[in-house]
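J.: Read off the chains here:
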Amino acid sequence: MNKNYNFAFLDEGSKREIRRASLKAVAIPGYQVPFGSRELPIGRGWGTGGIQLTLSLIGPDDVLKVIDQGSDESVNAVNIKKFVGLCADVKTTTDTREATLIQTRHRIPEIPMTNDQILVLQIPIPEPLRVVEASEEATKRMHAEKDYAPIWLELYESLVKYKRIAIATEYPCMVEERHVMNPGPIPKFDNPKLHDAECLCLFGAGREKKIYAVPPHTKVVSLAFDDVPFERESFAGKRCRLCGSAHTYLDETFDALTGEKVYQCSDTSYCKEARGQCV
Amino acid sequence: MAYVAVSGGREAIEESIRLLDYHKSGTDKDIEIEAIENKLSLLVDRVMSEAGLYAKTYAALALKQCEGCVEEAVFLLRAYRSTLTRNYYTNEVDTEGMRIVRRVSAAFKDIVGGQILGATYDYTHRLIDFRIGEEIFEDARKNMQALLAAQTPEPVAPCPRVSDGLRKEGLLDVCAKNDQKPLDVTMNAPVFPAERSARLQTLARADTGFVSGLAYSSLRGFGQAHPTVGELRCGYAELCVPYLFDENESVYIGEILLTEVECFNAADDTDRLKLTAGYGAVFGRNENKAIAMAVLDRELDAGGRYPAQNEEFVLTHGDSLEMNGFISHLKLPHYVTFQSKLDAVRKTRGTEHE
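Chains as they are written, first to last, in the numbering used here: chain A, 105 to 383; chain B, 22 to 375.
Excised from the complex, chain A in its bound form (with noise of 0.2 Å):
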């Protein structure tokens, strides 16, 4: 650990600003806090509005997992965890249930997490109208006046193009019939996660200097028609070739000797626990 940094990098004040506007966000489910987002030594647009959450809500008795595409190994987990172990003396896990704090980029585990533990979501563009209305000074009025028309006729005209609704991540849902909210670029797959979770989800975009929260036992419900039932990506007739499960979402890769195609768990800790009941 460098001495050189306050704990947890950011100093206190910082820290406490911080909480103020995740404490704001938890209030007000699926509305977006401003907040003076800080320079960190990671790229911004790297996970920076992820990492200020971990830095502010990490303590000394904390067990930090970090994954991103549902990997403890991928390269940007791995330098997030590095980053947070130079200026937090904190114990890291890759096990989704030992775990207080994880961190995650484009997914949520596949295990259910437990009502004493936080799911951090880096998010790239928070504003789940940016689609549909480029002003923010806009889309802040829209949010304010409850207009969600633009977004619905989005989803209608993908409907009638295309005959499904075609938006693949950052799927819109209704947070307790009040906002419209971007759950960040997860795949839809892990959208029904958010519903009624036990436990506290917090989104932080660094860039765009948002915070916003779904707290648990929230209503999140993916938009969709009385008639078009919302739909999830599908993995009909596909299992993981590691341990054998149908039912999670599957990275599809290329085997480099034979080309034949194969999938395997995006989560790697689910993964590797499945393979373990089955020995």
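Honestly, I wouldn't trust all of these hints.
What the hints assert, rightly or not - Think about it this way: if two alpha-carbon atoms lie no more than 25 Å apart in a straight line, the pair counts; the simulated SDA-like pairs of lysine to any residue are: (1) Lys368(B) - Ala328(A); (2) Lys352(B) - Gly117(A); (3) Lys189(B) - Ile137(B); (4) Lys362(B) - Phe334(A); (5) Lys119(A) - Lys352(B); (6) Lys365(A) - Lys352(B); (7) Lys130(B) - Thr297(B); (8) Lys195(A) - Glu32(B); (9) Lys295(B) - Glu32(B); (10) Lys60(B) - Thr145(B); (11) Lys202(B) - Gly117(A); (12) Lys297(A) - Thr322(A); (13) Lys60(B) - Gly139(B); (14) Lys265(A) - Lys368(B).
Said to hold, decoys possible - Label pairs and their computed distance ranges (CB to CB): (15) Val235(A) - Gln201(B): 31 to 37 Å; (16) Glu335(A) - Gly47(B): 29 to 35 Å; (17) His351(A) - Arg370(B): 23 to 29 Å.
Just so you know, the hints here were simulated from the structure itself, not pulled from any lab data. From a predicted model like this one, the values you see are computed outputs, not experimental measurements. Beta carbons: idealized from backbone N, C-alpha and C, even for Gly.
Following the hints, put chain B in place on chain A, whose structure we already have.
T.: Structure of chain B alone, referenced to chain A:
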């Protein structure tokens, strides 16, 4: 199985960092921090300006650490700066009283206090000087010092602004004095419409290429600006902070080199015309950035349909860290999101089970 979904990240990163050291060890010759600070001073100025941290030695150090990459050096300084406690805010800087080293006006031939050409590359012929490869710098420095020693220094009196005269004549827009505390853009999320203090801070820290390109777009046709550089001054301005025990007193803490520009534009004043000013001020000697900033300041006042007149567009896309951070993040793995994209594309093509 031949393919192993990316793992071993830790080892890969360590080796990658070692390779960077290899790139930095290309020759036995070293380049000293002092040399970078003094001989690449315009580069140092640019880095300090985009970082929003006036620290020449640290800027030189940062440049050396990252093989001279401007955005990396800016990044290093910003990340360091964000760990420093903000002890004081300086008093208003009196740029009218600056110790001027260069001052030109494109509006008037003769200005009170005179034009001082100072150091500029404007009138050099851009021919590569091959002698530089053989130059002995010790001699160059000695010769220059001898030249200076033989001269008697002349004091430069503070100059009033060119705009003062036009204001007195009632031709130039007069802004009401605004003593509102400036919004600190490093500690607050932006709000639109933005306060002018937030606009000027954001532009002063913005990427040089970004502000130059945008200002150029507005000169060329995507905007209204046909500015005249009323005054460009470059010099040393004094910094003072309030004295803790007596608020009427202040303490001098040093001086910084600044480039300041006022551009004049003709503008509509109901059935008449008037002149308006755009303002730019940046750390160090960086004249094009200061002029571009002044052009954009005016364009944002005017507003309109072009990119350079759109406040949100101009103020949210020019930060070196933010633009480069987001662009470079595209190199990160996107396996999960791409898988989802594949799924969406296949479903619209009816090929999802292939």
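J.: Confirm or reject each hint.
T.: We went through each hint and held it up to the structure:
1. Lys368(B) - Ala328(A): holds, 17 Å
2. Lys352(B) - Gly117(A): Violated - the C-alpha atoms of glycine 117(A) and lysine 352(B) are around 33 Å apart, more than 25 Å.
3. Lys189(B) - Ile137(B): Status holds; Cα separation ~24 Å.
4. Lys362(B) - Phe334(A): Measuring from Cα to Cα gives roughly 16 Å; hence the hint holds.
5. Lys119(A) - Lys352(B): The given pair, whose Cα atoms are some 29 Å apart, is violated under the 25 Å limit.
6. Lys365(A) - Lys352(B): holds, 24 Å
7. Lys130(B) - Thr297(B): Roughly 20 Å separates the two Cα atoms, so the pair holds.
8. Lys195(A) - Glu32(B): Distance ~20 Å between lysine 195(A) and glutamate 32(B) Cα, so the pair holds.
9. Lys295(B) - Glu32(B): With Cα atoms ~65 Å apart, lysine 295(B) and glutamate 32(B) exceed 25 Å; violated.
10. Lys60(B) - Thr145(B): The hint holds at about 18 Å.
11. Lys202(B) - Gly117(A): Distance ~21 Å between lysine 202(B) and glycine 117(A) Cα, so the pair holds.
12. Lys297(A) - Thr322(A): Measuring from Cα to Cα gives roughly 11 Å; hence the hint holds.
13. Lys60(B) - Gly139(B): Holds: lysine 60(B) and glycine 139(B) sit about 18 Å apart, inside 25 Å.
14. Lys265(A) - Lys368(B): Holds. Lysine 265(A) to lysine 368(B) sits at ~13 Å (cutoff 25 Å).
15. Val235(A) - Gln201(B): 31 to 37 Å: holds, 36 Å
16. Glu335(A) - Gly47(B): 29 to 35 Å: With a Cβ separation near 55 Å, glutamate 335(A) and glycine 47(B) fall outside 29 to 35 Å, so the hint is violated.
17. His351(A) - Arg370(B): 23 to 29 Å: Holds, since histidine 351(A) and arginine 370(B) (Cβ atoms, about 25 Å apart) stay within the stated range.
Of the numbered hints listed earlier, those contradicted by the structure are 2, 5, 9 and 16.
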